[in-house]
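Sequence order for the protein chains is A and B.
The first sequence begins at 0 in numbering that gives the first Met the number 0 and counts up by one.
The second sequence begins at 0 in numbering that gives the first Met the number 0 and counts up by one.
What the hints contain is simulated information worked out from the structure, not anything from laboratory work.
All values reported here derive from a predicted model rather than from experimental measurement.
Don't be surprised by glycine CBs; every beta carbon is placed ideally from N, CA and C.
Please note: incorrect hints may appear among the correct ones.
[Said to hold, decoys possible] Pair by pair, the computed Cβ-Cβ distance ranges are: (1) 114(B) - 496(A): 56 to 64 Å; (2) 112(B) - 535(A): 45 to 53 Å; (3) 111(B) - 677(A): 57 to 65 Å.
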Amino acid sequence: MAKRRRKRKSSRPRSTRLGFWLALLVAAVAAAAVYVLWLDREVRSAFEGKRWALPATVYARPLELYAGRSLRHDDLVRELEALGYRRSDGVDQAGEYAVSDSRLSVHTRRFRYWDGTEPARHIQVRFDNRGITAIMAVTTGEAVPVLRLGPRIIGKIYPEHHEDRILIRYDNAPQQLINALIAVEDRDFYQHYGVDPLAIARAAWVNLLAGRIRQGGSTLTQQLVKNFYLTRDRTLWRKINEAIMALLLESHYSKQEILEAYLNEVYLGQQGNNAIHGFGLAAEFYFRRPLTELSTEQLALLVGLVRGASYYNPRRHPQRALERRNLVLRLMADQGYLEPDAAEQLISRPLGISDVPGWTSDRYPTFVDLVRRQLHRDYDSDDLQNAGLRIFTTLDPVAQHTVQKSLDQRLQRLEQQYSNTEELQGAVILASVDTGEIIALTGQRGGSFGFNRALDARRPIGSLVKPAVYLTALARPEQYSVITPIADMPVSLPQPDGDSWMPENYDREFHGEVPLYQALAQSYNLATVNLGLELGVARVADTLEAMLPGLSLRHYPSLLLGSVDLTPLQVTQMYQTIAAGGFRTPLKSIVAVLDSDGEPLRRYPLSVDQVAPTRASYLMTFLLTQVVERGTARSAAARLPDLMPLAGKTGTTDELRDSWFAGFGSDRIGVVWIGRDDNQPTELTGASGALQVWTDIMAVIKPRPLTLTPPDGVRWQKVINGKRTDEDCERASSFPFIVPHLPEEYEPCHGSNAVERLFQRIF
Amino acid sequence: MSEIILRVFVSSLLLILSACAIQPSGTRVPVEQRSPQQQPSTDAEPREKGGAPVESRLPEPDTEIETLPPPGKQDMKELEAPVQAPPEPAEQPQASSAVVALLETAREQAAAGDDEQAAAHLERALRIEPKNPWLWHRLGVLRLQQGDYQAAIDLANKSNALAAGNRRLMAGNWELLARAYTALGRDAEAERARRNARELQAPYQG
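Next up, chain A with everything else stripped away, as it sits in the complex (with noise of 0.2 Å):
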């Protein structure tokens, strides 16, 4: 049967035969075609509609650099280090400074801000044992008024699959970056249309002869196409398609183009959880230095982790990377891109790699967590995550060094000295007075992070709010002055369950009449439960929520000695608006906001709001004063002599559950919240906790001290039991007041006799 049928097919006529070979011939380059075309779609839209994926970068304050700033020699020199800055001999590019005895030698790198760009400048900056004297352009002797270093790198936002990468243009790629590439990975790139027979040739030959894979024969184009658009997996058809896609690829773009997409595609490494995509990237990753500053040899270490970026790994395998790398060297120098004397010289070089990766991430995680929070509300995920936006915040990474270490030590000698205290956590903001912009910030003790206690741990603020009831009464100049008496006496106030709130003062004793000043210094909690009830609790309420809007209060009268709950984020705007001399400003972690490319997307400017009357937040702010120097704060003053006069206010609540202080100087206010995430008590009262911990941060940050310039309109006066006194009378007290309302009676400070009076000038 079959054989017959056989024999009936070859009996057909020759001419059908060739006809049904071409017709099928025709259909399958016509399939390959369309298949070919749909490829060709494929890689057009793919690479054309390529969006990089870029995280977001969020950047700490720029350091300003003026003469007359107080910022020491080893200052700078750190935070150059920071930034990646290599200390040299001579400065010849971007990126280095040279030290001598009293002066420095840098040379900055070109930055964009919102604002415009900094250039890269050739500066000497000179010092004396207060800070900067001077700075001067070194080409042309000029004085440089004002200049910003490029802001360290404090978090990411990464896309979900984890990428990171600094995008590069071809035209910034250093000519020996792509030179070491194409003599190591595709010696004919410039000649080839996309696939390199010639070396697919010789990697068949090479891994014959050696029994296994050593050597690809992939150009580089293949290569991207194999990042780009394909699986992992090694098939036969896989690598046709590659091939063809190379073929395509080539057709439509220009070397450059193909390479420039190479540069930024390629995988050079793993930090965490992220893969770090790129030679822009990995420059900082493995020497914390922009691409663009690195020398030959550390471009070539780059090139050879191409090949295998983990097995290569410079800070795990130094052995390997070192021998990978001087290979790459002696390629260059074989196909003439290096003298062979050069590369020897480079080769006997060290690797170079810096011994911490450009950034570290998660070292500032509270802060980055409150960054985040705001730019969610501006911007949707895709865009936080994806977009590459630049976000410049307000935080100093020494001065958040400083008070994320005074929080852990402190915490620690803390739960030595008191026997029944553990498990202590604690929250601290400090921010600038009348920018409002936060410069540091922790939510916990250091290690992973958890709970955000500055933004989210709502606690009662104790006595932190009584700066609200004295400022409602101070308002009323008329009324309430300074040292007003005011009875610190029992108070019984009947409750709707019919039992009777009975408040006391810490020691349990009545003080009588006090004046106003220090029933705030010694926070006598009858005098200002009566003081408040006077005033009409309403009324106070009305003052803490003008300092923070969206607060809505009950109108109790337990109000009047804390018991509301704020965040130490709410703590420090109401603090804020009393140091400012009543003028709120919201407080703020981010300035601007760049694409990209380093075009504006948005700024965040500085606003005020007047929610108290200037005269009366001076004499607040006096007030403050007094619970620092004599009141519940005064181990501050003992501690902290040189920076006197500082303001604040300490707080303790229920059972020292909560350990509270406030406090401000004339540039700087910080907060300091102390407690259990449980909500045991800590044995601690906002003098023994927090206190301790916000002097420790001061003693470091130093504070401008208050100036307690008054404000037009008032006046200080001598006062002596009350009443008007003279100037010179070194017993009585001065107070400032609020024109016109100054005691008008009238007390002698002398005896009448003159010789006296003089005797008592005298001495």
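Could you slot chain B onto chain A? The hints should help.
For chain B alone, coordinates are given in the frame of chain A:
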């Protein structure tokens, strides 16, 4: 003393630079640099000088550093020690040339219509000298020009709160307030602000 002279000098420089700062009508922006002695004093007015004498400091309170006696149990002598008026401001490093340069850049940018760039430079200057009332005034003027009248009012008030004794600047701030209130249709407040500006321009009677 040299510090005061420096401050006066810098204030006058700032005044020149903020050429489009609002000046009380009838006063001209000084274009020549006068010698410091001829400048209106930026120091407190005489009556305030009398009220805030330089005093020696209190002896340091005798307290332990680590732990505190509970409130109320402290030494009564310390409680009753006289309260001292504030000393003259401690000498601070002045960054005036930096601020002047930033202000100049801001002026150029505002003139070119780049208002927010100008604002950003003023904010940089404020980071360096947050208590400098001229910078707050200048930011207020910028907001007025942009039509953000409420912001202009708040900034002028902020400048005034820091400008004690600087009659010229305060007059400028009241003028700024008058214009912002007028733009908002708050005529009574505008009139009062204008009156304040006029009073401050009148020669000081002592």
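Now for the hints, and whether the structure bears them out:
1. Hint check: residue 114(B) to residue 496(A), Cβ distance near 59 Å, so the stated range 56 to 64 Å holds.
2. Range check, residue 112(B) to residue 535(A): Cβ separation about 50 Å, and the 45 to 53 Å hint holds.
3. In this structure, residue 111(B) and residue 677(A) meet the distance hint of 57 to 65 Å, their C-beta atoms being roughly 59 Å apart.
Hint check: no violations occur; every hint is consistent with the structure.
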